[in-house]
Amino acid sequence: MLDKSRQKTLTDRPIAQTIACIAIGTILFLIFMGPSVLVPTNIGWMQHADGEQHYLGWAFYRHEPWAFPPGKSVRFGLELGGSVVYADAIPLLAIPFKLLSPALPEPFQYYGIWILACFVLQAVFSWLLIGLFTANPAHRLLAATLLAAAPVMLWRLHPFIRHESLMAHFLIIWSLWLCLKPLGRRHLAGWCGLLAAATLIHAYLLAMVLALFLADTVDRKRSRELALSGIATSVGAGVIAVLLPAWLAGYFEIGGDATASAFGAYGIMGDGTFPQIPLSFLQSAWGDYGRWSYLLPEMPVHYSHHEGFVYLGAGALLCLLCTIVLAPTALIPDVAFLRRHLMAALAVAALTFFAIIKIGTLIAMQKAFAFIPAGDQLYEALFRYGSMFRANARFAWPLCYLIILFALVALTRTRRPALTAGLLASALALQVVDTSPGWRVIRDSVNTAPRTSFSTRLKDPFWEDAASRYAAIRRLPSKNTPARWRDIADLADRHRIGTNMAYLSRVNADGLASGRIETLEDLERNVSDRSTLYVIGEELPDAMREALMARGGYHGTVDGITVYAPDWDAR
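Counting in the working numbering, the sequence shown runs without a single skipped number right up to 588 at its last residue.
FYI, nobody ran anything at the bench for these hints, they're computed from the structure. Incorrect hints may appear among the rest.
Computed spacing ranges between beta-carbons, pair by pair [as the list claims (entries may be wrong)]:
1. A488 with L117: 21 to 29 Å
2. R486 with A567: 17 to 25 Å
3. E556 with Y311: 45 to 53 Å
4. R241 with A367: 23 to 31 Å
5. A398 with A560: 35 to 43 Å
6. L117 with R356: 48 to 56 Å
7. S485 with A530: 31 to 39 Å
8. S485 with S53: 45 to 53 Å
9. W83 with S470: 20 to 28 Å
10. L348 with G207: 45 to 53 Å
Think about it this way: if two alpha-carbon atoms lie no more than 25 Å apart in a straight line, the pair counts; the simulated DSS-like pairs of lysine-lysine are [stated by the list, open to error]:
11. K198 with K238
12. K476 with K496
13. K89 with K496
Cβ coordinates follow ideal geometry from the N, Cα and C atoms, glycine included.
Build out the structure end to end from the sequences listed, making use of the hints.
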């Protein structure tokens, strides 16, 4: 299935190829996003959904002293936090930019530059991947551009979502390229670089890349390209490529139980039954999230299923349709090719199965496990480790890209180059135009007047005065993502103080519980930190609330937030 003739042209004029890929990525970026996000002092566009968490996580990390490991960050979350990793602030960029922090403006965000880089790298690895199957430069250029414009990547920038780190779908395409390309001298180095990069970008992408790395290693052994010693070397190098960056970034700082809640609530679509799975790749309209196609009809979907967006795009669907009409035999799988990459195919299948797990699936699995020895313990272990990736629908992304790749490659097999080029150009135009209802929402949300600060609902002068007096702002009891967390965290960042009012992707559940107990015991003993401003949560027991309010200092509700300011009168 690989095009052997392309081997001679792969390195021809690499500068021209690099320029072409940079141009593709930049043009797509300007179409879908626009240039305003590149202004490093413009943070206003990030005040949507999870973008607030990502910027504030970086800002706190930037402004606190260096610690070890380098990714350690305490002020954002206090006892809840521990690392820039869990603010989804992209350690790959956060750590080096912190080194440059004294020379950077205030405020500063690197997320716009990152998004541009993602588009460019998506184009680069799409070009490399498509180049494994066709040597025709026009086909390669058009197909790579269409693959780089995949809606599943653009979806992460929706203003209701705003997952900048998860824009790095080039990691998936990079891993597919490494799986499918011939073994070379730098093959293992490529995998190690990919694994290290994925570790420093996002854990979900790391899990996908790691699965494909292990599968490719076994496939190379099956094809006798690697001996047993080669497998040991590959696996050992891969482990180091993951664990060392993970340690430096601070993955292990929270310790204990770092699982997430609601596992099974974010499966790919519907109730997870197999007849519905193919429909997920045609689902182009998502309720309040808006439509992503003028052509395809809307299907009902629940809000929580937004993680399962794997719409292929009308352009990719057109490629499949044209191939069916012009060269249906091109759709017949190459058995030898599939046999050669059997473990990679099984890895994608396993990832897809994980992606479709829903609450109903878990119940059925639990019943099935009851009939095998130690089934309850095995199910509990699977559930525990599966809960680390509660948004499991994301694991359908590799299959989504493989389907698009298959559609593009099948069309290039029609043996009518001019017609194929015209159809690919038409498919690309259709892809961009037909998805415009979706990406225009993204573009409009970021192309607003540049702002160097977040808007805030904290209008009372009390807040600025208090933030300048106290060393920390602490909520009682501790809670991840409490109401009004962003207003308080923004205030704390501007005054360079810590707060446990934060939004973190993972917290140490054991540490959170023990911290709550310790805080409540301190309150019972009439002990409180006089250098801390307290925000009183609704769930604080009435007796402790009354005891706290009986102490000296200021007690009251300011801008809808109940506070206790120790020694306020004395300050």
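A quick look at each hint next to the structure:
no., hint, verdict
1, A488 with L117: 21 to 29 Å, "holds (27 Å)"
2, R486 with A567: 17 to 25 Å, "holds (22 Å)"
3, E556 with Y311: 45 to 53 Å, "holds (47 Å)"
4, R241 with A367: 23 to 31 Å, "holds (24 Å)"
5, A398 with A560: 35 to 43 Å, "holds (40 Å)"
6, L117 with R356: 48 to 56 Å, "holds (50 Å)"
7, S485 with A530: 31 to 39 Å, "holds (33 Å)"
8, S485 with S53: 45 to 53 Å, "violated (33 Å)"
9, W83 with S470: 20 to 28 Å, "holds (26 Å)"
10, L348 with G207: 45 to 53 Å, "violated (30 Å)"
11, K198 with K238, "holds (15 Å)"
12, K476 with K496, "holds (24 Å)"
13, K89 with K496, "holds (20 Å)"
Violation of the numbered hints given earlier is confined to hints 8 and 10; the remaining hints are satisfied by the structure.
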